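Q: Chain residues, written in single-letter form:
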Amino acid sequence: MAYQFSQESEKRFQRLIPQFPSKRSLILPCLFLLQADKGFVDTEGMQYIADRIGEPVSLAHVHGVATFYTMYNKKPVGKFHIQICANISCYLAGSDSITEHVCSKLGIEKGETTKDKKYTVDEVQCLGACGFGPVAQINDKYYENLTPESIEKILSELEKEG
Amino acid sequence: MGLKTLLTTHINATDSHTLKHYQSVGGYESLKKVLSEMTAEQIVNDVKNSGLRGRGGAGFPTGNKWGFIPKTDKPKYLICNGDEGEPGTFKDRMLIERFPHMLIEGMAIAAKAIDSHQGYIYIRGEFHKGIRIVETAVEEAYKAGLLGKNILGLGYDFDLAVYSGAGAYICGEESALINSLEGRRGHPRLKPPFPAVSGLYACPTVVNNVETFCNVPHIIRMTGEEYKKIGTEKSPGTRLFAVSGHVKKPGIYEVEMGTPMKELIFDICGGIKNDKSLKAVIPGGSSSPILTSEEAMTATMDYESIASLKSMLGSGAVIILSEEADLVETTYRLAEFYSHESCGQCTPCREGTHWVKDLLHKIKKGEGTEKDVELIFSLSRNMEGGTTICPLADACVMAVRPTMTKFKEEFSLRLKKEVSVSH
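Residue numbers (full-length UniProt numbering), protein chains in the order written: chain A, 1 to 162; chain B, 1 to 423.
Isolated chain A (complex conformation):
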């Protein structure tokens, strides 16, 4: 069956509509709804968004928007998306050792997903939590002041979770 918003996403979509005088403004929130439903943004979903919003929004426009922003996954990611900040303040606080530790523990390189599709590790540019580095974002949650020991503990908790 062709993709359409889940019930929850449809409800949120309806709540969004009156907030903007132009329906084009719905593109970014809609891409988040699509990602919440599917885990990533694909052509079928983007075509659906273009159709729901209607003229003058085309698939090409939605695609152009989706590829501009880093938070839209253009391919599937693991159940736990581990994003470690590598910029100046986190680097000064030792983020490289955290990335190395996580990658060696999971047996993957930066940018890769484990074979069981459980974990994806990415290095990112500044999470805006610079005083509490090193910082990682795992799905929706921030983990701050990381040490190799604390990230080890977090990984084993994630393992238990799922």
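Since the hints were made in silico from the structure, they are not lab data.
Quick caveat, the model's predicted, so the values are computed rather than measured.
None of the hints are false.
Partial list, computed: chain A residues near chain B (C-beta under 8 angstroms): (1) Q19; (2) Y72; (3) N87; (4) L127.
Quick reminder that beta carbons are idealized off the backbone N, C-alpha and C, glycines included.
Start from chain A and add chain B according to the hints.
A: Only chain B this time, still in chain A's reference frame:
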């Protein structure tokens, strides 16, 4: 001078984000005051008198910005820029999570000042927790009659919505943010026209930073005249400084403008980590030119003092670098950031930031030569001073060139010395 709380007075209250707590400490009284006693002109004048300067980076006088909004029949939009993303900057996240009602009240006051009836809070997408907290606060405010139709029964309408960014540093630039809110790529726009004339949906628009809006209820409560007595004459008020890097107690500190940098680093933040010596300070976010330790010790935390050292107070992000810091590596990481975040519209930025990053990568690996250093300086000259639509390329230059100039030896030591080969 020194620590002084205005915005963060109730930081230790665990429920500081709730309407109940905010109202228990006098929250929304300023909104009541402006809606019942003040005209739009009086509000703008009060903010002008306070001398409040934008806390996002540029430091433009807030009251003047509001005053530029033309009196037309077109809708006027108010936008809060919460797309905090400059490396080193992390103050707005705290305000969003701890004091969302202060932000909402500040925006509602600003709305009346510019005759706006629709506002948006644009928050960087990674701040999931902050977005949820602000959304809850907005709902609370609607239920309490502090937003929406006929606010507090005083005859003013103002709607407010939260909008999540999607991971693009450039959307912190106001015209790129506007494009993003319109459902487009976050490409900065050519100015003029400025947003005050043609912003969101081609209508007059004011964009202010989170911290700027949070100052507004306090200015109204104490009057602009009284607010101006805090801080220095040209940089009034307090400022949130986000301190990170090699310091014993990193964090967010609210201090009076004009506080000596020495006091901030050594007294308030406990001095340098591992008791090392101070090598350098990046005083206002990653794009502000680096200061040597000698320069830092003479500086005070206000716009003028930092500008006199040819740097910027910017976003109030202070990055401390001790003698242990590898400046070649940190400079490379900053260049990598700017090359990653270039939106790609302008050739000098799109090509220049990548090229500079690649050359720094070569240098940090010990494979660079004097020619590479010269090339970085040559590229820098083509990336700055109005060759691009927005200042991202300039920001990259400011993050790289002053460090390579002031700490030349550190870069020279990493170079592979060129050997001339005779045949």
